[in-house]
Amino acid sequence: MHRRVFVKNSAFALVTMGLSPSFLRRTALGAELSGASKGKVLICLFQRGAADALNVLVPHGDRAYYQLRPDIAIAQPARSVGAAGAIDLDGFFGLHPALAPLKPLWDRGLLAPIHAVGSPSATRSHFDAQDYMESGTPDNKGTSDGWLNRYLAAEGTCEQCKVTPFRAVAMTPQTPRVLQGSAPVVAMNSVAEFTVRSGGTQAEQLEALYRTGSADLIHDAGTGMFEAVKMLRAADPQRYQPEHDAAYPNSQFGQRLRSIAQLIKAGVGLEVAFADVGGWDTHVNQGGATGQLAQRLEDFGASIAALVTDLGDRMDDVVILTMSEFGRTTRQNGNGGTDHGHAGAMFMIGGTVKGGRVHGRWPGLAPEQLYEGRDLALTTDFRAVFAEVASRHLGATNLAAIFPGYTPGSLPGMLG
Amino acid sequence: MRRLSIILAVLAAACSQAPPRLGTTVPDTRGFADRSQTADQQVAHALSRLTFGARPGDAQRVREMGVDRWIDEQLHPERIDDARSDAWVDQFEVVKKTSTQLEADYQNPGALVNLLGAKAKGGLTPEDSARLRDARQNFRRIGEEVQVSHVGRALQTERQLQEVITDFWLNHFTVFAGKGAREQYYMAEYENQVIRPHALGKFRDLLGAVAKSPAMLFYLDNWESAADSGRPRLMPVNQPRAFGAQARPVRSAVMVAPTQQQRRPRGGLNENYGRELLELHTLGVDGGYTQQDVISAARALTGWTIAGPRQGGGFVFTPSMHDAGEKRLLGHTLRPNRGIEDGEELLDIVARHPSTARFIAFKLARRFVSDAPSPALVERAAATFLRTDGDIREVVRTIVTSPEFFSREAYRAKLKSPFEVVLSALRAVNAEPDQTPRTAQLIASLGQPYLGHQTPNGWPETAEGWLGAGAILNRINFGLLMAAGRVPGANPMSSPGIDVVRTAPREQQVDAVVAVFLGGDASSVTRSVLVTGKNPLLDAHASADPTAPPRTEPMMVPDMPISASSGARPQPRPGQARAIAALPPLTGLAQLAGLALGSPEFQRR
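Protein sequence lines, in the order shown, are assigned to chains A and B. When the letters of the first sequence are read in order and numbered with the numbering used here, they come out as residues 1 to 416. When the letters of the second sequence are read in order and numbered with the numbering used here, they come out as residues 1 to 605.
Treat the hints loosely; a few may be bogus.
Claimed, not checked - Listed next, the in silico PhoX-like pairs over lysine-lysine satisfying Cα-Cα at most 25 Å (straight line):
hint, chain 1, residue 1, chain 2, residue 2
1, A, Lys141, B, Lys212
2, A, Lys354, A, Lys103
3, B, Lys363, B, Lys534
4, A, Lys141, B, Lys363
Hints in this document: simulated from the structure, not taken from any laboratory. Source: prediction; values computed, not measured.
Please model the complete structure; the sequences and the hints are all you need to start from.
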């Protein structure tokens, strides 16, 4: 744990003894990491605040949906001309019209939504529900690490992983709960900001302060940091051009996904990436085909679509997984919004997902089918989805270590 | 020699399976002779551990006064005049108000939504939306003022040790500001009325104040913990219940307020606080308790809840929620048919438990001495804890006057937390307190937002927890920002000790910068880099990277919401990362300051 990142690796150890950075770049980025750059990548995107799944993945084939939401329901596709109605997927479910950029992914078989998925916990607290989704241990508050970090720690034996500090990156100001734990994780606001911010020779002088002197924890961390900065500088983030005319929204979320694409293409050994986006707690004036939720979805969908476009064929090795702590009430409330509910929806996107169909068992929206008489019932434990992506995509073999106390009955089958 | 023999004796006692000799007292009569630090190191060391960093002139003052007299003074904050700092803090309304007053004066935007929703059909009018916006803005001020005052007090107070200990207990008994809107009302009171007044007092008093604080009752869910069905209750259930505990279908809360939704109508026992009380607050995870003890502790605390605003808010014991059955716990029996006495006796038992003495002694020694404090010191401090009935002042005295504290091994052995990095830099240059939340945001962007640790184990107290690649980069960039004069209230170039060497030769400037920022003590390597501006290991052509673009791009500081008041987690508001202005290449004295602030030495205390 102690001398974490570079010193165990011979190439980097030589550098710490004074060999030139160009040697480092040639070796590390050219040879060793080219393997890692072909490795599998998981990108987890967290919609904080509880996204209204029923208006994201619209059950337009369920008559009860329209009775429950007279003002905010998304109209059926058949009745609408243009953008007002749901974008039909399979005759029963449709996408919110603001998610139009995701429709081509569905058509190409890259998009696999799952409905009625979430936490078995009954909590309707944002705090507790996010905590459970990130710790991966619903109703157990004693878990100090996140499930993604437990994956990293449990499956951390591959040689390539030791070479890079960028195996796990959160595009967030602080390391999120889901990535907290014993395995090293880097949190950053953007690739461009991951640099020593001074002109002239100051950065080199600072580097000298850490490279020389005793080999203690602080010097090691500093040395590792300067190597990491150089790895990214070699990727030249200032001049990054998205490929295939991918157009990222100029939002914070869009720019964070752009940074994730940069990291993937830089070949720095990224395996797990995380970003989050807020604004989903729509108690008031949620809107329907347009309005508050539509605006959030527009940014959300366009950002993800740009990421997929930008990554091109790399999507064969990438899975994007979206999540939110719970769904919202099936009925609209008196404020034109929705309150805290139970089950929700997730999107899995990637070249290897079983796209083109909506996964999960639909529990229905009739009064007797609702959870506690008000919310969408749960038919898939979120851990089943996490376990599937960890094992079938990332190749995790020790699911018991990642999800203690949980044995999935069967995986939802979203990955081939 | 004597120190060694004591350590050996304690180790021998520990190894011989004999019961721990906690009751025995080891008089701390050792003097300077047992201290392996030089006199100058002792001054710098004491200042770096008992304060948030030395201000200009502090070292000289402590040297003249004598380290031991100064430590004794700091151990008695009540004897230190702090009028200037108090007067400054006094300008913030939030700090002076109780949580009940805050709830009355700063409307919960979520509650306002309920109110407006009752008359709205299908959406809010523009007027109501504006009202709501104002309420949210007003509400956010709570979090901002708490943090501004917290940082400003740590910067200015003469009672530095009290503030350091307050920081320690705020972390030991951490609560999470983002737990929900209500936590926002509770945190000022928590810091200022619950933690600080007891920070150097009796541990039992501190523990009791925390146990009855709305901040902790809410954070660890005890406010809604009630007797399981089938258990005898003191009173029938149809008594008035705690605030927000009504089981009605609700629709409240905008972005900020999960208040009523959090209440699940089922009720029943919630073990959350009972468990953390034993594991994190008192006995420690290896303190020798069982799952049965956790359940008994939680049962003893049922009914300890928060009164509704109309009942005056604050702590209340609600008999109808209390489990009146007999409880067995840690070898004790709590008799049946009692009320609040159950919880009080529980706190008596755990506060005086030998495991608690050892756990608290260990954590304090780890905070003040080193990441792995010697078992002998921990045992002595634990003995003081038991001898003095948990007198925190005396436990701290045992630790900070010990030979271990003043040993060469302990010198600069601790890594500063992000809060300590920023505060020590500010104090080094005699910075003015920031009236805005920007400094608090900077601390948050270094990874330590105020009461921002989600889980109850608190921020790391050791170096490992703070040292990722990204973390050290943020620290270095903070140093550069500081050196460039871009941190509010801080102007290093005009600060005492620096201003006089502006035109002096480089060697003299280096001495000044090392004196101000590094306590007068830099490694030979650091000194050499500062003087020559060269990397002694890499020659010039190897270290220069021709592909590196000139990096003068704008310094981006994310505009973090400093109150974690969104119903979800703290979120940077989209589009609000803003350039503080381009950071020019640092030259001359500013460059030296940037190097010193970014150096490995500055990361240590």
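Does the structure keep B:Lys363 and B:Lys534 at a Cα separation of 25 Å or less?
Violated. B:Lys363 to B:Lys534 sits at ~41 Å, over the 25 Å cutoff.
Would the pair A:Lys141 and B:Lys363 pass a check requiring their Cα atoms to be no farther apart than 25 Å?
23 Å, holds
What's the verdict on A:Lys141 and B:Lys212, does the C-alpha distance respect the 25 Å limit or exceed it?
21 Å, holds
Within a Cα-Cα threshold of 25 Å, do A:Lys354 and A:Lys103 meet the stated pairing?
Holds, because 15 Å separates the two Cα atoms, which is no more than 25 Å.
Checked against the numbered hints above, the structure breaks only hint 3 and satisfies the rest.
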